[in-house]
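Visitor: Residues per chain are reported as follows:
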Amino acid sequence: MMRTQRTAEVSSPWIDLDLAALSIRTVNQRLHDAPEGRFRIRSPRGAHALAAGLTTPLAVRIEGHVGYYCAGMNQLATVVVAGNASTGLAENMMSGLVHVEGDASQSAGASGCGGLLVIGGNAAARCGISLRGLNIVVKGSVGHMSAFMAQAGNLVVLGDAGDALGDSIYEARLFVRGTVKSLGADCVEKPMTGEHLAGLSRLLEAAGLAGKVEAASFKRYGSARRLYHFHIDNLGSY
Amino acid sequence: MCGIVGLFLKNAALEPQLGHLTGLMLHEMRDRGPDSAGFAVYAAPSPGLTKLCLVARSPLDWAALARRTGVAIGAEIIVETLEDHAIFSTRGDGDAARRFLIDEVREATVLSQGRSIEIYKGVGDPDRISARLGLAQKAGSHAIGHTRMATESAVTIAGSHPFSTGLDTCLVHNGSLSNHNRLRETLVRHGERFQTENDSEVAAAYLAFRMKQGDSLEEALAGALEALDGFYTFVVGTEYGFAVLRDPIACKPAVLAETEDWVAFGSEFRALAPLPGVEHARIWEPAPATVYAWTRAA
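Protein chains in written order, with the numbering used here: chain E, 10 to 247; chain L, 20 to 317.
Accuracy of the hints is not assured; some may be wrong.
[Said to hold, decoys possible] A few chain E residues facing chain L, derived, Cβ under 10 Å:
no.	residue
1	Ala56
2	Gly76
3	Thr96
4	Asp112
5	Ala133
6	Gly152
Hint data in this document are derived by calculation from the structure and do not stem from the laboratory. Using N, Cα and C, we set each Cβ at its ideal position, and we do this for glycine too.
Given these sequences and hints, build the entire structure.
Guide: Structure follows, in structure tokens:
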């Protein structure tokens, strides 16, 4: 379930990049040009597309709140945001780790293919929309329409889920510890087997929650598989 | 896409800086709405005076228009001008003045009417509009600003936000409404006056109408959830109040922040970043279909 993470050498010094003095393009170019290393980005002030498109095992720490599409398309890098993230956090992420310590706005992890996204606070609407293999762990709650049309991967929610969780879901796995306001079309509660408990435990451990949160305290939700399979009785509707 | 900012001061010591801070916020939302911009400032009222804020559609003689309006309502009008805007102040019947100006004067648009509210707007780069209309110098208790990227109607001064149809009430909108034509007809039958084809003006008129019927700001917004169909993030100002509402789908972005000194709204966090003390603010995304409202003492 988990992909192996490669992180930067702990011994390498932090390189400071301050957006009070540098443009977003300059900062992103510095990151894109680096094969490895540790970068600390200061004064983000809600800037868009920070640390997007990284393809090397960098460690990036952003000191403050970020704007749209932070760490989008991430490959291999570890990006930590010491603040909140706006719309489209880690969208289309491929691998690596993105960890937002605060809240995330709508569409966090949208279309993500792989890696791990950890959100320390709440995620707003449409978290994990069209999920394609990324694993998302949200320590707070998620808003409405989360995991809409999710195809693969896992969404783990320690808090509650809003309306229409997993609407039109394919094969992603959804784990919610709190309440679910309502389930979307074709999303149903499913039994938690040993395989699911083991997989969930690995995800909780990867998110730093081993020993703090029990996998058995979650309920599992997934596709009833009635919507996306051809059914002869529905022929008239096609 | 549009950009919205709002700043509601709780600490009166910041009131001289209201315009300056609102200008910094609006600057951050320039690229969300580069075609036009506007702002409403709630300034300290002068006892007994009603202010009407006007903008010229074509060159006109404000002093002559003030005299005509004064004759029409049977009261003196004091005129102040700023660029293409004018403020008419009167101790007479403000409703009659607004009615006269909308019905009889093609050369000007009435932007607002009230004891406290002043609305200014323009077409073009938001920063140039702020500078030209002196936003940074304006003092007051709360302000709402908007940068517009037009989708539903023409790029004109009249189509710029904020919209105001009721006393000291204004609304800015990011989104689009789908049932505004029918609702406009209903409101016209109830005596509301419209000056544009804009969907957001209908939302403003709906709230003003509900509050005239006796609703509080919160009740009027709860009614809007039922009456308005479409996408919206609204920020609404009244003489003593400030409110935020998002539609149930909540596609249009919104961030709220609050400290002991102020409440602030931004379409994005960028707009809040210049505010003093933001590093210690409580920051959250307003939930869908939920009314958030603040009131200050009269």
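Visitor: Hint by hint, say whether it matches the structure.
Guide: Here is what the structure says about each hint:
The restraint placing Ala56(E) at the interface with chain L holds, with a minimum CB-CB distance near 7 Å, inside the 10 Å limit. Interface hint status for Gly76(E): upheld, as the beta-carbon distance to the closest one in chain L is roughly 6 Å, under 10 Å. Among the interface hints, the one on Thr96(E) holds; its C-beta lies about 6 Å from the nearest C-beta in chain L, closer than the 10 Å criterion. Taking 10 Å as the C-beta contact cut-off toward chain L, the hint placing Asp112(E) at the interface holds, the least distance being around 7 Å.
The beta carbon of Ala133(E) is positioned within 10 Å of a beta carbon in chain L (closest approach about 5 Å), and the interface hint is therefore held. Taking 10 Å as the C-beta cut-off, the interface hint given for Gly152(E) holds, the closest approach to chain L being about 8 Å.
When each numbered hint is compared with the structure, no violation occurs for any of them.
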